[in-house]
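**Student:** Chain A is already provided as a structure; the job is to place chain B on it using the hints.
Listed below, chain by chain, are the residues.
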Amino acid sequence: MTTISGPGPLAPRTPSRLPRDWTAVIKFVAVLILALVIVSPLFLLVVASLKADRFQILADMGSFRAFWVSDPTLQNFREVWTFSGALPFGRYLLNSLVILFVTVLGGVFLNSMAAFVLAWGRLPGRAIILTALIGLYIVPQESIVLPLLTIINRVGLSDSFAAQILPFMASPLYIFLIYQFFIQIPRDIYDAATVDGAGPFRIYWSVFLPISLPVLATVAILLGIETWNQYLWPLMVTQTDRARPISVGIASFFGHDSIYWNSAMAASVMMMIPVLIFYLAFQKWFVSSFISSAVKG
Amino acid sequence: MSISQVPAANGRRRSALWGGRAQEITMLLPALALIAIFLLLPFLSSFRIALTNERLIPRPVPPRFVGLGNFQQILTDHDFWRALWNVVRFTLMVLPVQCGFALAIALLLNQKLPFRNFFRGLFFLPAITSMVVVCVIWATLFQYPTGPFNQIVGFLSFGLVQPIDWLGDPSWSMPAIVLLSAWQAYGFQMIVYLAGLQGISESLYEAAELDGANRWQRFWHVTMPSLRQTHIFVLIITTIQAFKLFTQVNILTQGGPRGTTDTLVHYMFTAGFVDQRLGLASAVAILLFFIVLIVSLVQRFVVRDRQ
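So the sequence lines, in the order shown, correspond to chains A and B.
The numbers in our numbering rise by one with no breaks, and the one at position 48 of the first sequence is 202.
The numbers in our numbering rise by one with no breaks, and the one at position 65 of the second sequence is 351.
Excised from the complex, chain A in its bound form (with noise of 0.2 Å):
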């Protein structure tokens, strides 16, 4: 258990040099092990994704073939690219980045503006509103999607983009973040901009949002993150094709006596591929806003 000696002060101390080089490797050795074996199901289903035919995929997966793939073809991804009938998937796709870009855009948009009146409006009563909103938090969405279902039924949403859309496009977490952010902006620059004589959208809009990017990344990534994931829901509120989400779609390989494991490996990394591309962009706000979303409480 070589792990707890921080960076710095404690190293150089260290009295022979050929021990610590030793730990050091080990050190490393163990970390690259470590995150060979926690990668690897990643890696299995890419490869996996990658060859012929379910019954090669069933065949392989016994042994170590099941990292290898001798002949990779990108066939997988074709049908199901290309499927129509039962499970058009390049449908789900479409349907999941249409919801995953207008909750996040709209999301970021309406969250701020109110989390800006609430920090620095004159309007009375926010203080109510505010502590009415960290009240709804602790409310998880899974015991409201039942009578919300209802909601959404009988105003005439149900199978839709909408229903999939507002009701999670506003949030009082996300709300009570960019709050935390904003009130933190010295008094001066709000008085600045008001003795300029601009309203509050103009000052919302022109001073407050370009200085507080790295919050609206956060929320937009966490918010990004859940809409993706999005399962039960969905999974409730669509009924056809029309709408549906690409989660829902693969879930429904599940349940059959005899999975397309190559159907579903293909839409897996296809679900996946948007996710990792926005996570290598931007890595590092993508971890400190975990961080911030840990510091809510």
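Hints are computed from structural coordinates only; laboratory data are not their basis.
Where hints are given, some of them may not hold.
Unchecked claim - Derived list of chain A stretches under chain B, where covered just means 3 residues or more per stretch with a C-beta under 8 Å from a C-beta of chain B:
1) 242-254
2) 263-276
To be verified - Below, simulated BS3-like cross-link-like pairs (lysine-lysine); rule was C-alpha separation at most 27 Å, straight line:
3) K438(A) / K181(A)
4) K181(A) / K530(B)
5) K398(B) / K438(A)
Stated by the list, open to error - Residues from chain A shown here face chain B by an in silico Cβ test under 10 Å; the list is partial:
6) A184
7) V223
8) P294
9) L367
10) W415
Since we're looking at a predicted model, the values are computed, not measured.
Using N, Cα and C, we set each Cβ at its ideal position, and we do this for glycine too.
**Tutor:** Relative to the frame of chain A, chain B by itself:
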């Protein structure tokens, strides 16, 4: 976006103030309206519905007020108690596995290490993998009898352990769900622990070393006590998440085999969506809400107690 930049000199203040008010209301209202319609309203109506025998698809007969009948029915239903017990079982198993693993990785990654940021990114990959995708992957890993997991178990035990039907065997189904859930979600706890570790002052370790503390003692007497707040936070968040367990069991086991992975949310989903008994399901939803509420209040209490 409409702001009068060239106001008339007279009454400028008043109209600006009024315009400001109107703008503020316009900015605040969309978010509040959406929250009121899609969060507050369903939340409040779940309390009303829970007292009736309402169906998901309305019948010609209007729903009837049944008082606490739904709660009575749930609390005397063996399946409900089994679902509750399963969630508790899941929580008790997933907490040490997931948080322990997250802490171990965080300790490793908090040290001087070549390619440290690359490794952090790698270890975080499962956390950004959608649960549905995780189910596809782990369903193949758990294949019976020749899947990778069974091969590894057979190899490590020199063939002594027979292949296990991980998802189909009542005594293994929950541990299997625990394993894949912990793999998917530990990244979050890892990040929180990393943040916590970086907040520990280096001088504490130096002082401990001067006192002759070895690595193990430094871990127990410096690292662990300093992480107290982080531990509490991680445990609470993980517990709340665990109580909402649904996606994995819905996809992989449908609550089976023999109800060993039926969870609170799965029970609610079956009652409300499959059996259409909205009133009964709302009663479960309310119980779930109160469980989450109590866990959160415990956190508030413990944290405040400390300060």
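**Student:** None of the hints should be skipped; say for each whether it holds.
**Tutor:** Each hint, compared with the structure:
no. : hint              : result
1   : 242-254           : violated (count 0)
2   : 263-276           : holds (count 9)
3   : K438(A) / K181(A) : holds, 24 Å
4   : K181(A) / K530(B) : violated, 37 Å
5   : K398(B) / K438(A) : holds, 19 Å
6   : A184              : holds, 7 Å
7   : V223              : violated, 14 Å
8   : P294              : holds, 5 Å
9   : L367              : violated, 19 Å
10  : W415              : holds, 6 Å
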